[in-house]
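From first to last, the protein sequence lines are chains A and B.
Sequential numbering of the first sequence, starting at 72, is according to the numbering used here.
Sequential numbering of the second sequence, starting at 15, is according to the numbering used here.
These are computed hints drawn from the structure, not numbers from a lab.
Accuracy of the hints is not assured; some may be wrong.
Below are the DSS-like pairs computed for lysine-lysine, each with C-alpha atoms no more than 25 angstroms apart in a straight line [what the hints assert, rightly or not]:
(1) A/80 with A/128
(2) A/209 with B/20
(3) A/444 with A/412
(4) A/139 with A/129
(5) A/389 with A/212
(6) A/348 with B/126
(7) A/384 with A/197
(8) A/287 with A/415
(9) A/299 with B/126
(10) A/197 with A/215
(11) A/384 with A/348
(12) B/113 with A/209
(13) A/215 with B/113
(14) A/166 with A/197
(15) A/160 with A/129
(16) B/134 with B/170
(17) B/172 with A/212
(18) A/327 with A/450
(19) A/139 with A/128
(20) B/126 with A/215
(21) A/160 with A/197
(22) B/84 with A/212
(23) A/139 with A/89
(24) A/287 with B/126
(25) B/172 with A/287
(26) A/139 with A/160
(27) A/270 with A/287
(28) B/181 with B/113
(29) A/160 with A/128
(30) B/126 with B/172
As the structure is a computational prediction, the values presented were derived from the model and not from experiment.
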Amino acid sequence: MPTVIVNNKPVEIGPTEKLNCIQVAQRAGDEIPSYCWHHDLSVVASCRMCLVEVGEKKPDGTIVMQPKLSPGCQTPVKDGMVVVSNSEKVLAAQKATLEYLLLNHPLDCPVCDQAGECGLQDYSYKYGRGYSRLQEPKNIKPDKDYIGDQITLFTDRCIMCTRCVRFTREISGTSELQVVSRGTHEEIDIFPGDPCNNKLAGNVVDLCPVGALCSKDFLYQQRVWWLKSKNSVCPGCSTGCSITVDQNEDVLYRLKPRENPQAQGSFMCDEGRFGWKYVHSDQRLTHPEQRSGGQTISKDWDAVLPALRSALKDAVLKNPSKLAVVISPWATVEEAYLLAKFAKQISPNTRLALGQVRVDGEDDLYPKDIHGKPALPTKFTIRAEKCPNRRGVEAVLKQIEGKVVPFSTILDQVGRGEIESLFILGGDPEGAVAAADVGKLDKLKLLVVQDLLVSPVTAKAQFVLAGSAWAEKEGTFVNHAGLAQAIYRGLRGPEGSRPDGRILMELLGRSGLFHASTLRQEIAGAIPELAALIVGDLGEDGVLLSAAGKAELQPVG
Amino acid sequence: MPIDPKDVEWVEEPPMNFWESTFLPAVFDGLRTTGNHVTDFHPVTEFYPEQKPNLPTQYRGVHRLNRDDKGRVKCVACMMCATACPAHCIDIVAQDAPKDDPDWADRDKFPKSFVIDELKCIYCGMCEEACPVDSIELTSIFDLVGLTRQEMMFDKEKLLSVFDQTKDSGKDPIRTHKGKLGHASDFTNLHTLGPATAVRLDDRAAKAESAGVIE
């Protein structure tokens with residue numbers, strides 16, 4: 072195996088691996104600071120923060136070092152290479168680089184949104200000199216408030232790492248951002264009238280190591296050190312981007328992509344990034360409700376759930392085969408499993424179906440070429456299927472019902488009077504039933520809806536159960552490629568609503584609390600297609616369903 | 015664990031002599047103290063509230079929000095005070111400064127609302143320490159009363175009016191006239207900063223007489 076010596080520590084690398092000094096130092100447990108380098112973008116070696124000493128160990132054992140420092144991001148490693156990142160020479164270079172980067176950087180950290188997660192702050196603290204020798208006035212460039220609908224640029228804070236420029240050129244392919252002027256007059260800018268509004272534009276804010284590019288949506292909302300993060304999965308489409316949910320005092324403030332090579336890479340789209348606002352909608356269901364003839368009978372969980380259970384049992388007694396349960400692809404695997412079990416517990420003849428799968432146009436592939444057509448190789452995909460867990464729910468249905476019945480079939484059967492009672496488990500913020508189809512539900516004698524938002528369907532229902540948004544519950548989503556990822560309860564929902572899993576546990580009459588890991592193991596035993604869930608804890612990157620039977624995490628590349 | 019009798023030392027009360035056993039010396043001693051009080055014309059009692067106490071200048075009373083020379087609130091809504099506050103009694107909502115107003119060109123952000131719960135506050139002065147623009151200060155006002163809890167939630171206007179009341183009273187002068195974010199951001203008149211953190215002894219700056227001068 073090729074071996075590289077990093078700060079006197081031997082590091083073995085794979086025979087075909089192409090790594091640079093920064094990556095190999097990471098394996099050795101050492102950090103080489105860098106700004107402009109990002110593993111998904113091309114290398115420009117312009118920030119000079121990653122300068123290291125590089126040398127070679129000759130076959131006779133002598134070590135020959137190169138006289139000059141090399142940028143670690145641009146220097147590939149090979150067998151017998153020596154990398155030194157902690158020598159006096161390197162430390163002095165890091166100090167000098169930081170002093171240079173800070174020359175014109177305004178020290179307005181107190182009002183800067185990036186403070187607390189700022190690369191310049193962190194590295195200045197770790198590697199910098201802590202004071203400036205500059206005696207001249209700083210070079211201040213005017214702010215550009217409109218870089219895009221969601222992006223604002225504080226030009227004076229920019230350190231010209233050009234990560235944002237390379238992102239729009241290489242990942243989104245839309246090339247809106249560029250560097251204008253030269254030398255000390257360099258600025259990030261857009262062509263006049265061509266703002267950075269592509270669907271991946273929000274990522275340039277995450278890529279910016281300093282507070283130059285800021286998200287208008289999050290600007291001045293919170294100081295980042297107050298935010299509490301939980302790992303989650305974006306429910307916006309079936310790509311299932313790994314994200315973090317950042318909240319404070321049960322108010323969601325932002326979603327950020329979390330690097331996951333098995334899911335989406337390092338980025339996420341703006342539809343997902345800014346599409347969570349319904350979580351705090353004033354249309355949220357805030358209490359369960361039992362209605363009869365347009366009159367509210369009860370709004371108390373302790374009364375509604377027993378009433379619901381007996382109403383369903385009555386319906387089955389009258390007509391054993393006229394009850395159907397619809398599970399939305401927005402439900403987690405655990406919820407689908409619990410509800411399917413509940414449906415079969417009421418009556419083995421209950422029909423199970425998959426809820427409405429919203430498809431919006433076609434898959435949106437990035438990068439784009441100059442004509443807006445997708446260019447190869449594809450680096451990011453926004454999928455047309457706008458739901459997070461169709462595959463997971465289908466797996467449950469295939470096992471317990473034997474087939475996957477689409478929602479349209481159920482609607483037809485309702486129209487023909489073959490179904491008189493319907494339980495809909497929703498979760499889709501656009502509504503569990505398309506607006507055009509709501510009228511078809513008029514024939515039902517009993518409609519139960521467990522959902523998130525008030526909708527025409529919940530208005531019709533005899534029983535409304537106030538469920539939770541994806542950020543408020545634990546569970547598993549299976550994305551388009553069969554990657555099962557865990558979502559966690561990042562915040563509490565409105566008072567009176569309950570996590571869906573808890574509602575279903577109570578309906579099912581199970582004792583104990585909803586615990587996703589334990590349920591996952593039970594599901595793995597019951598459903599062969601989901602056998603990979605046997606690990607219980609899916610880890611940060613999730614588990615591929617194709618890895619069934621292996622009780623270990625997939626290696627991460 | 016019981017105490018070992020060896021460790022116990024018994025102290026006997028000294029026996030009283032003849033005069034002491036009459037108790038007369040103790041009685042006269044007491045009468046002398048009373049007599050001293052009768053003839054003392056420098057009483058320690060203060061006639062509060064007719065006579066206000068003379069508080070030290072560093073006394074930590076009710077907060078105020080300072081104004082800058084343009085009369086705007088000096089606060090930049092950085093929320094350092096809310097972060098530093100151990101009682102979590104400061105609540106700030108920030109807003110971006112009006113972009114098209116030239117008067118606000120030098121500011122990125124200002125507090126839309128700034129509320130201090132004076133009842134929750136423990137008057138530790140951490141907010142004053144944390145403020146990078148010397149906007150929040152504690153005044154010498156200590157006799158704060160209110161009829162409702164809501165009255166004791168001081169909002170931005172009330173905190174600014176405390177500034178207007180106290181700035182000329184002599185007790186709480188405006189202490190600093192720094193730039194918008196202190197020296198560091200005062201671009202036109204930037205002084206070289208001394209080392210803010212530890213510097214190695216062999217560093218050139220450590221040996222320099224005034225920090226930042228290149229030999």
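Hint-by-hint comparison with the structure:
no.: 1; hint: A/80 with A/128; in the structure: holds (13 angstroms)
no.: 2; hint: A/209 with B/20; in the structure: violated (78 angstroms)
no.: 3; hint: A/444 with A/412; in the structure: violated (46 angstroms)
no.: 4; hint: A/139 with A/129; in the structure: holds (19 angstroms)
no.: 5; hint: A/389 with A/212; in the structure: violated (76 angstroms)
no.: 6; hint: A/348 with B/126; in the structure: holds (22 angstroms)
no.: 7; hint: A/384 with A/197; in the structure: violated (66 angstroms)
no.: 8; hint: A/287 with A/415; in the structure: violated (49 angstroms)
no.: 9; hint: A/299 with B/126; in the structure: holds (24 angstroms)
no.: 10; hint: A/197 with A/215; in the structure: violated (31 angstroms)
no.: 11; hint: A/384 with A/348; in the structure: violated (37 angstroms)
no.: 12; hint: B/113 with A/209; in the structure: holds (22 angstroms)
no.: 13; hint: A/215 with B/113; in the structure: holds (11 angstroms)
no.: 14; hint: A/166 with A/197; in the structure: holds (10 angstroms)
no.: 15; hint: A/160 with A/129; in the structure: holds (22 angstroms)
no.: 16; hint: B/134 with B/170; in the structure: holds (17 angstroms)
no.: 17; hint: B/172 with A/212; in the structure: violated (36 angstroms)
no.: 18; hint: A/327 with A/450; in the structure: holds (18 angstroms)
no.: 19; hint: A/139 with A/128; in the structure: holds (17 angstroms)
no.: 20; hint: B/126 with A/215; in the structure: holds (22 angstroms)
no.: 21; hint: A/160 with A/197; in the structure: holds (16 angstroms)
no.: 22; hint: B/84 with A/212; in the structure: holds (24 angstroms)
no.: 23; hint: A/139 with A/89; in the structure: holds (23 angstroms)
no.: 24; hint: A/287 with B/126; in the structure: holds (17 angstroms)
no.: 25; hint: B/172 with A/287; in the structure: violated (30 angstroms)
no.: 26; hint: A/139 with A/160; in the structure: holds (10 angstroms)
no.: 27; hint: A/270 with A/287; in the structure: holds (15 angstroms)
no.: 28; hint: B/181 with B/113; in the structure: violated (30 angstroms)
no.: 29; hint: A/160 with A/128; in the structure: holds (20 angstroms)
no.: 30; hint: B/126 with B/172; in the structure: holds (14 angstroms)
Against the hints set out earlier in the document, violations occur for numbers 2, 3, 5, 7, 8, 10, 11, 17, 25 and 28.
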